[in-house]
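Student: Listed below are the residues making up each chain.
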Amino acid sequence: MEELLSVKYDIVSGDFIRGGEASSNLKKLLNQLGIRSDIVKRICVACYEAEMNIVIHSVGGYIEAKIYNDKIEITAYDYGPGIPNIELAMQEGYSTASDVAREMGFGGGMGLPNIKRSSDEFYIKSEVGKFTEIKIIIYFN
Amino acid sequence: MKQLFHSVSLISEKCIGCTKCLMNCPVEAIRVKNGKAVIYNEKCIDCGECIKVCPYGAHISIKNSMDDIQRYKKKIAIPSVTLYSQFGKNVEPDVINEGLLKLGFDEVFDITFSCDIASETLKKDLERVEKPAISTLCPTVVRLVETEYPSLVGHLVKMLTPIEISALIIREKYQGMGYKNEDIGIFFLTPCPSWVTKISEISKNENIRINGAIPISDIYPKLLKHIKAKEEDKINHISRTGLMWAYSGGQCRAIGIENSIAVDGIKNVIKVLSDVENGRLDDIDYIEVMACSNGCVGGLLLVENPYNAERITRHINSKIDFTYQIHDFSDIESKLVSDEEIDEQKDNQKFSTNFENAVKMIKIMNKVINMLPGTDCGLCGSPSCKAFAEDVAKGLASLKDCKFLNEGGLKGEG
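Chains as they are written, first to last, in our numbering: chain A, 19 to 159; chain B, 895 to 1308.
Simulated from the structure, these hints should not be mistaken for laboratory data.
One or more of the hints may lead you astray.
Unchecked claim - Partner residues aside, some chain B positions facing chain A, computed with beta carbon under 10 Å: (1) I956; (2) S1045; (3) L1046; (4) R1174.
As the list claims (entries may be wrong) - Calculated cross-link-like contacts (lysine to any residue; reagent style SDA-like; alpha-carbon spacing at most 20 Å): (5) A:K84 with A:I155; (6) B:K1257 with A:S24; (7) B:K930 with B:L1293; (8) B:K1052 with B:E1095; (9) B:K1254 with A:M108; (10) B:K996 with B:Y966; (11) B:K1257 with A:M19; (12) A:K46 with B:G911.
Every residue, glycine too, gets a C-beta built ideally from N, C-alpha and C.
Here chain B stands alone, though its shape is the one from the complex:
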């Protein structure tokens, strides 16, 4: 299998082989082997739940640092809209952007401009994809659909995300000014690990290449030194509608899609995607789906809690009366739709490419399930008895690993 890069990874030395991550991974991508956690890359969706629950700091997010920006002649920051919710309600977005310039960036790109463009392409997408359309802003959700809900791939909207749109605009601008593509360093200030992974995937396309992702939680203490609350009333050159993309439901409201729902939190997302698969939600136009609680403001790499962050965003929003009036974007429209073929092969549930082999393996799995206690103790290193039976059928675990079977004298085996 092709090696996939993941931001979420494990520092083996710190792992003591407890079962916290094992039990909390929403897609059962973790096993404990020889006393250490192992992440199955083909299953991992980079949601970061394991990072949250690990008491030993063994799960981490691979990321870039401010040192990495020095390699480029032009250093451009694309801050996630969530950045503006991290410093309380009296710090204006422009003050935060000025702080970023002091940290060494040459330009801070206004991502709310790209949000407003994305809103327009999204409206057209609603006609292009299967109903209900599913948002693609959250890379964890896209991965979840590809790996666990392959039948819903046709529901994913095709718009480029605001982050990609920003990179496209920045590259065109600086290349137009005579800069070589490799001299332009674009860095996304990210609220979550899943964007780190996504950026490494999209960097293969040089038109929208983003050179790195720096966690907002890392840049926060440095930025704090340059920020003073409200020296004067600033005029914020930022879009009210764009800023709303930060929290759950904001995107639907900014675009004005009435017949829509907004889902947040990975467990809720899984439930709603199952409902879509069962055909229960066919009369909905659009589903805004975010893996973190309350949307992007719930990102793991942020400082403020998701609900206060929403309040702060709303407060800032109430003082802004500006939105980009995007009427005509025909000059770049053709570039705003993702041409990336969504890879259904990422579907990893398949036991075997051969149908008969798969049948045999399922028979083994069913036989093993009947022997197990169903207590999901996790001592075997698999997250549940069912998952263990699946692992045995796939040859990834041995019946000897089950403490119950061994102490019970392997009853039922034969």
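Isolated chain A, as found in the complex:
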């Protein structure tokens, strides 16, 4: 089935000032569509964590959201450095974030687990030196 709407936001590495704009814009769109507020909140949390992951850990990437009749599919893609051990990265509290990021309250190692917890379906692929791709699906009902 083809999506009804799709939006794509470029995410700049290390930009903590503008980091979060993609999720704000997506939130506005979902509210305009009249998506139930508890679902919007889950999407917000997942998208924000994915966005900040790209800001903190990667060299840059994008977030693409596709909206269907009954669900949203969000792809968070970055151009590296990739995750060597995905199983380890999925553990709560595990983090490779820099001290600066941690001081700002990011990088507590809750990002990936939080994204998974907020979504109905969660997929992650990564290749060291190349990319990381997270795909999540959240249903509207």
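Keeping the supplied structure of chain A fixed, place chain B upon it in accordance with the hints.
Tutor: Just chain B now, with coordinates in the frame of chain A:
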């Protein structure tokens, strides 16, 4: 759509159709149509920013006057705690209260008593609502959450505000003395327009009905005549902890909620609410949120500036050693929680109740955005190019209104 009463309104004759209010409204509730500002009531949160910036005095706050108190047999004033910060540091609260009696009130209710009660209910609320709990003292913030952040409604505390608690106590007292409810006139002396709106909403409930709101800035010159600084050392029958509710952060400190933050100023409020929505602040217990700079002392209808007002409040506080020891309020506890269902339908961002229609409209909006210059000049009457595109999609504006498109020969349209 149901017509909503708003304190913030426009005198059309004074409006020249400039774009000051348009550009400064934090929730994009204003448009300029046919050379006059129009406030979209379903979006307006009564913050009063438009009143502040209008150079022509076209934006005003609807309010009550001292004449309105004459209609009641018993006239009771509930002064906002901010009142005591308006006359310098040497005028004691009791002197100000005596002044109010001279102006014609039969009783001046001590709102700090209600603040101390509210503090106790608030402690219990922290367990009852989603974390972080969000304060409801500022009606503008409550409206903002309802209209722009509907997913955060479950975070709002359920306590009645001190103003409502005061009305409840006053009505019970005077009814107990044999007065009919309609003979009891309760007036809030307000620091801001948003309370005028809130009072009109809560007046539907006759147990906490407040009959009007009189701006402190209106009563100030009359009151000044009756006030002399420090004739003698007065004993102030007012609570130190209650008085702290006047300024930003005071509420948290009065109640002793350590793991909390205090946010003031509407732009900061918007930023912090977004952070809550993103799940960034889940480990905080309580967020004190006030739309005005430095909290209620920053209210539009006050005379003193917000920062000096805080200093004055702190000075008065340093001389008071009294606080109401509220241990047992079980007799009225059940009444202190707001039973008003917060109306998520106030959410006005939705384009259409039909999902497919909403999708179509968003597609139109996106197409229009791509045609616009993105300079947000405001000449079309919408606050930004994005808002204009939204208005076009909703049928509230026409592409012809865009000066750029028309002078550029409507390029890109088709």
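Student: Under 10 Å is the threshold here; is the Cβ of B:I956 close enough to any Cβ of chain A for the hint to stand?
Tutor: violated (30 Å)
Student: Can you confirm whether the C-alpha distance between B:K1257 and A:S24 stays at or below 20 Å?
Tutor: Measuring from Cα to Cα gives roughly 10 Å; hence the hint holds.
Student: Mind checking the alpha carbons of B:K1257 and A:M19 for me, to see if they're no more than 20 Å apart?
Tutor: holds (18 Å)
Student: Checking one constraint from the list: CA of B:K930 to CA of B:L1293, max 20 Å. Satisfied?
Tutor: holds (19 Å)
Student: Does B:S1045 pass the interface check with chain A, least Cβ-Cβ distance below 10 Å?
Tutor: Since chain A brings a Cβ to about 4 Å from B:S1045, closer than 10 Å, the hint holds.
Student: Compare the distance between the alpha carbons of A:K46 and B:G911 with 20 Å, and conclude whether the hinted pair is satisfied.
Tutor: violated (29 Å)
Student: Within 20 Å, alpha carbon to alpha carbon, are B:K996 and B:Y966?
Tutor: holds (17 Å)
Student: Taking 20 Å as the top limit, are the C-alpha atoms of A:K84 and A:I155 close enough?
Tutor: Satisfied, since the Cα-Cα distance of roughly 10 Å is no more than 20 Å.
Student: Should the interface hint for B:L1046 be scored as holding, given a Cβ-Cβ cut-off of 10 Å against chain A?
Tutor: holds (8 Å)
Student: Does B:E1095 lie within 20 Å of B:K1052 when you go C-alpha to C-alpha?
Tutor: Holds: B:K1052 and B:E1095 sit about 16 Å apart, inside 20 Å.
Student: Given the hint that B:K1254 pairs with A:M108, does the C-alpha gap stay at or below 20 Å?
Tutor: Not OK: B:K1254 and A:M108 at ~38 Å, beyond 20 Å, violated.
Student: Regarding the hint that B:R1174 lies at the interface with chain A, is the smallest CB-CB distance below 10 Å?
Tutor: holds (7 Å)
In summary, the numbered hints that this structure violates are 1, 9 and 12.
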